[in-house]
Amino acid sequence: MTESDPNTPLSPHADQMRRLTLLWMKAQPAVSAFIASVVRDRHRVEDLTQEVAATVASSFERYDPAHPFTPWAIGIARNKVLHELRSMKRDRHVFDEKLVMGLAAAHEAVADDYDARREALVYCLERLPGHARNVLGLRYVRELPIERIADNLGKTPGSISNMLYRSRQALAQCIRLRLRSEGWHR
Amino acid sequence: MNQPHGLDTEQLIAAYLDGTITDAQYDLFVERLHAQPALLERLAELSQLDRMLTDELSHTDRVELIRLESGDAIDAVEKSDDSGMVLSQLAALEAQAGEVEPIDLTDEIARRESEEKVRQLHLRRAQELRRAGLGGEGSRVYVIPQVVAWLGLAAAIGLVVWLGWPEPSSPSAVPRVDAVQPEQTHVIVARVHSGVDARWSGLSHPGQSRLYRNVPVTLDAGYAEVVFADGAAVIVQAPASFEPTGRNGMRLTAGRITATIPESAHGFTVATAGGLITDHGTEFGVAIQPGGELLAQTFTGLISLAPSDGAGGWDGQSPIDLRAGDAVVARSTGEVQRVEANETAFVREVEYTARQNAGDSPYHRWLAYSYELRRDPGLLAYYTFDHQDESPGALLNRSARSGSRMNGALGLPGDPMTIPRWVEGRFPEKGALRFGVVDQTRARAVVVEGFGGMNLGQSLTLAAWVRTPDAAEDAGGGTLLSLRDAPVRHLSFQLSLFLEGDPYANQIQFGTGNELDADRPNDSFRYSTPRPVAPGGWHLVAVVYEDGVASFYLDGRMVSRSEPVGPIAVTRPSAALLIGTDPYMPNFNRTSRVEAFMGDIDEVAIFDRPMSREEIDQMYQAGRPGR
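Chains as they are written, first to last, in this note's numbering: chain A, 1 to 186; chain B, 1001 to 1627.
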């Protein structure tokens, strides 16, 4: 294996792959968040995200660099999700097309400052009491249903739901304040 | 506000995201989303938070969560279950929202090692379950469509072409290429822990602290400390370009770094075109020099260097060990050359801390300046008067140019009575030496043997921070610095400050030339115009000698310029620099005490170039006690 000289021009294909990889790295969390806001099955969310990645790669030649990449990728995800929802018509909790379109636009709007928001989340999580953080962890890392968390901790599902709700509200507020203090307008 | 279905809109969003929403609540939720499009943005924001929580918590909380999941810590959680605390703690944060505190991630990163081990155990267990066809919760078997596999392969190829860079595991190992899928590249492996006037390129926003694996960044200006996931702490000096290659390694393409490696990060690697450095528990510096060659230097411990094999890889078969004090220059051709270590070539932790705190603490302000001064190529000798427990009896020379060769010895040879006493210096954090007479023929002194061999030219700057005595009876001042051939009285230079009680009170004296030169009998000494020197305080005394004229400075301001004075006389190479007295006194058995300085000295700098007025003022402003 040879080491590349950073000053050596890359081949057009390699350069394109490099751009694609960098752009996708930034866009992927926002794309995944959008899909997850519509599709409630976490595993299906991951599969769909992979499918969007594949489509993004195969369609990359059609991407216009004059426009932001993440909204373009969310647009591809929106089409995937709509197609997915058509096959889920029998499910009770499925958004209609209008809501999906609106939600995609909303995700495009909040995707701009994803990195800054995640930085702020680190700051805010540091300030969250350990037990609240643990409950969040059981929910988001161990992916336990609320009933399981409640059962493990000897609490009622309602109290766990309430705690998750209040924790997220507080974190969202903290993130907003943090971004504002860093000069972000949101 | 309670709603018909018992939940307000925010709670409906939460129930939806948690998957606990009832059919009736869902209908209401959808109705409101249609009626209030702004709610879609709120849903998007909280969905994004969900995603971020998944990513962020998965990095940090696994050990505790496994404990909780197994029920070990239920009591502790139960007793402390007070969600109101969440809000009260964050409310306190809201109250101080204007203050942006730096995020201290030291503890978090220290936790990572054990967490990573657990993570690896879990991954292995999940793999075993998959192989056995027993996929359960958290171990789901994914069927990746062919097109996705293609994307992963394409991305991996693209990355390899782009990076051209394998993550090395050891100097002797064959470089390895990780197949990287797009989502796997977005891996946070290091953080910007702090910065000093740092300006970056390659970060998505000014406050970003996360650094991703194999994503290059550039520090355009200032200094920064980067902490890797395994605990390695790296100080980066701008301009520098690098990329983390993993949680315990980096690639340096430009600039210089200093790495401090704790036990958890032994094996930390720094890859460069000139070679691959692997740490074995140490502190070391790495620089890419202007010609592209690698400079590696070990401060403590041991590192090994696998030199370039001349073909773009590294020769892992014949690594070169570098121990404390060793330094090498290595080229991409594979050529390696040992060089003399240079203590000031790299910014180490103490200097970085000084630069960080320079705005808050006078001591750190001076220390940061002091480190900068050490790199001045015109600095012949520099004594900062730090009391060194590990080298008692020595006054260490901090000049990068002359180094330990010009260390001083406390006291005249064989005469312990002449050893000056350590006292507190300008700042509580540093020392000073108290000088004065011992008896009618001896004075306390610092002796720097062989200073006469420094090949002085005809330009000179002498500077010393001195504290004059409080009591009038101890006043009188005396000689601060002196370099002369005592027997023949060739005088390279002499700097004195005289105080009340002396015929030359409140004047700075500079001497040079030959006192016995019959043709120039009065050309050896010049005096500044008198300038009152308050007793008991710290003062910066300086003289700049250029074109045969001496300019006198007190506390950063020029006092006066002299009439022409004799040229700097050439002494024997063995002639000693004396600090705090003059050889005139012990050698000629003078009884006058004016040759011995009565007071404290806590910094001496000698340059073989003239310093400008601005530089002298800067020296004063940086070094004065108080803010």
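Because the hints were derived from the structure by calculation, they are not lab data.
Do not take every clue at face value.
Stated by the list, open to error - For lysine to aspartate or glutamate, the following EDC-like pairs were computed, each having C-alpha atoms within a straight-line distance of at most 16 Å:
no., chain 1, residue 1, chain 2, residue 2
1, A, K26, A, E126
2, A, K26, A, D113
3, A, K80, A, D64
4, A, K26, B, E1041
5, A, K98, B, E1031
6, A, K98, B, E1041
None of the values given here were measured: they were computed from a predicted structure.
Status of each hint after checking the structure:
| no. | hint | result |
| --- | --- | --- |
| 1 | A/K26 - A/E126 | 24 Å, violated |
| 2 | A/K26 - A/D113 | 10 Å, holds |
| 3 | A/K80 - A/D64 | 20 Å, violated |
| 4 | A/K26 - B/E1041 | 20 Å, violated |
| 5 | A/K98 - B/E1031 | 12 Å, holds |
| 6 | A/K98 - B/E1041 | 14 Å, holds |
Taken one by one, the earlier hints fail for this structure at numbers 1, 3, 4, listed in ascending order.
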